[in-house]
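These protein sequence lines are chains A and B, in that order. Every letter in the first sequence is one number past the one before it in my numbering, and letter 352, counting from 1, is 352. Position in the second sequence (first residue = 1) + 1000 = my numbering.
FYI, nobody ran anything at the bench for these hints, they're computed from the structure. Every residue gets a Cβ at the ideal spot worked out from N, C-alpha and C, and that includes glycine. Hints are supplied without guarantee of correctness; some may be wrong.
Label-pair distances were calculated between CB atoms; the ranges are [said to hold, decoys possible]:
no., chain 1, residue 1, chain 2, residue 2, range
1, A, 95, B, 1131, 36 to 46 Å
2, A, 107, B, 1143, 25 to 35 Å
3, A, 12, B, 1179, 20 to 30 Å
4, A, 182, B, 1193, 39 to 49 Å
5, B, 1179, A, 254, 56 to 66 Å
6, B, 1099, A, 95, 16 to 26 Å
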Amino acid sequence: MAAVSLRKVEKTYPNGFKAVHGVDLDVRDGEFMVFVGPSGCAKSTLLRMVAGLESISGGELNIGGRTVNDLPPKARGIAMVFQNYALYPHMTVYDNLAFGLKLAKTPKAELDQRVRHAATLLEMEHLLTRYPKQLSGGQAQRVAVGRAIVKKPEVFLFDEPLSNLDAKLRAAMRVRLTELHRSLRDAGQPATTIYVTHDQTEAMTMGERICVLKAGVIQQVDTPTALYDRPANAFVASFIGSPEMNIVSATLNDGAVELGGMRLALPAGRFNATANGAVQFGLRPEHIGLAAKPGSVAVQGALKFCENMGAEVFTYFDVGGVALSARVPAEDGMSLTTLPRGSALTLHLQMSHAHLFAADDAGRSLLA
Amino acid sequence: MSAAAEINDRAVGDDGKTPWLRYLLLGATAIVMLYPLLWLVGASFKSNSEIFTSAGFWPSRFSLDAYEKGWKTSTEYTFATYFLNSFLITIPRIIVTVISCVLVAYAFARFEFWGKKILFSIMVGTMMLPLIVLRLPQYLVFRELGWLDSYLPLIVPSAFATDTFFVFMLVQFLRGIPRDMEEAALIDGCNALQLLWHIIVPLLKPAIISVVVFQFIWTMNDFMGPLIYLSSVEKYPVSLALKMSIGATEEVEWANVIAISVVALIPSVAVFFAAQKHFIEGATSSGVKG
C-alpha cells in the first residue's frame, strides 16, 4: 500500500568498497518488483537497505512518500522473509507469527484473529503449536511468509526465499507466492513487493517488473516480456532466458553481420543504422532450429552434443568455429540424440529475432 | 582427553576388531583417575583409626558417626550455617555474573563502537593476569569502602563482568549464532534490549548454563577470597569451615573432615549433573574446553 522510490541511492562500506552505485528506481504501489542478478551484484544489499538492516551511504529512500533513510526497520512499515527463514527457534509457530504484534502491543483478540487468518491463508493451522525444528523446509518457508503477512506491512521484502527449497517445492511455492500477491490485491490490500532472486526463472515468472542488476548498477528495469524481447545490453540479454542467448563477436558490414566465415543479412529497420565495424551478434537458442521458418537463414554446422530435456532438446553446434546452442522441440530433435559427434546439419537462424550489441564492455543494444 | 581420543581413532581404524582391549584400557584409566574419589567416599564411613591402617576403600564397618560429628563441628555453628553462607555468596554472585557478562558479551559480539578491538584485547589480556597480583590493591579498596568482613567483596566485582573468561566464552558463542533471527526481530519491532531479552538470551541458554555451572563450582570451592575478606566465623562458607576443622589445636579427626568433604562435594556434583546436557553443549559449541 505504498510506493517505494530510490533516488541516487549509494552504499559504500567502511573499507571503501562501493557496493551500490547511485540507484534510481520507482516501485509502484502494489507492484511485484523483482531484483535479479548474479552473485555479488548487490541485489540483497539493496533490499537490506530498503529494510533498514544496512545503512544508506548516499541518496534518498522513500516509502509511501516518507523519507526513511534514518528510520529503524520497525518504523518503515515493512516485513521481510529471509533466505534461511530466520524463525525464532525457541518459540512455537503461533508465537513466531505473533511476536511482532505482541511487541506492537496489539490487543489479544485482534492478534489472535490476525495470526489465525494468516495461518488459514497459508494452510498451516495444524502447525501453530509446533516448534521450528519440527517443520519441513516448505513449512518453515510458509511460516516465514506468514510472519510477514500478519504484520500487514506496506511493503513485503523477500530475500531469495526459495533458494533453500528443492526444485519441485520451489516451483510450487513460486506459484503460491504469486497467487498470494494477487489475492491480497483482489482483497483490496495490495502489497508492494520487492523480491530478490538470482534465478531468472523466478524473476520471469513472478515479477510484474524486473530490475536487473550487475555490480551495484541497474542494467534495465522493465516487464519480463520487454526484458526478453528488447534487452538493453548484452548482459541483460545473456542473463534473461534459459539456455542463455548466443552472443558472439562479429563484424557489421553493409547491413549484414559476418561471423565464422558466414555473412548473415540483417532485417531492414530492426537496428539503428551504425557504422561498419566490430559488434556482438545475439540470437536466442529458441530462434535457431532444424526446420526452415519464414525469413530464416540456413547455415551448415557440426553437432557437438545434446541435452535431452524431454519436451525439447538443447543442442550445441559448431558453425565455422563459432559455438551456438539451439533449443529444438522434441519431435524435430529426438533423432539428434543418436547422431555421432561432428555430424553435419543444416540450421535455420531466424534473423528477425536477431540482436546486435556494441562491441565494448557496456554492450549497449543496437535495436531500433 | 587427547590420549583417549587417539585410542578411539585407532580402534575405529581397526574396524573394531578388539573392542574389549579398548574398553579395558579406558576402564583401567578411569579407575586410576577415580580411585581417590572412591577412597574418599569409602573412608568417610570408616573410623579414624581404620583410615590410616587399611589402603582399601571398602570400610570394614559402616558408621555414620563421622558425618554426625563433622556436621556439628567444634564451633557453635553446624555446617548448615556454613552451607547457607556458601549459598549466600554463590547465588547472588551467579546472578550478577550472568547479567553483567551477557550484557558485555552482547556489546562485544553485536555492536560496533569506538575502540572495540582494543577494549576486547585488554579484556582478554586480563585473563592472563595472575589473580594474586590484584589481591593487595583490591583489599585496600574494599577496606576503604568498609566492606571487610562482609560478602560484598566476593560478590560485587562480578557485577562488573570481571570474570572475563565468561565474557570471552559468551562472545565466542554469540559469534557462532547467525544474525538473521536478530534481523527478523529488528523488523518485527524489537529495540536493542528487547532483542537481548527475547532472542539472544534464549539462544544463549546453553552458554549461560555453562557460566552458571562454572561460577557455582568455582565460587563454592573458592578458599582464598573468603579467607582474606571474612573474619567472623558465623560468616564462613563451607571451604573455610572445612579448613577450620583441620586447623583445630587437638588431634585432627580425619574421619569427620573426610565426611564433610564428601558432603561439600554434593552441591557442585549435583549442579554439574543437572546441567550436564546443556553444559556440554555450551562448553563445546563456544569452542572453549570446559
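We went through each hint and held it up to the structure:
no.	hint	result
1	A/95 to B/1131: 36 to 46 Å	44 Å, holds
2	A/107 to B/1143: 25 to 35 Å	57 Å, violated
3	A/12 to B/1179: 20 to 30 Å	21 Å, holds
4	A/182 to B/1193: 39 to 49 Å	40 Å, holds
5	B/1179 to A/254: 56 to 66 Å	60 Å, holds
6	B/1099 to A/95: 16 to 26 Å	25 Å, holds
Of the numbered hints stated above, the single one contradicted by the structure is hint 2.
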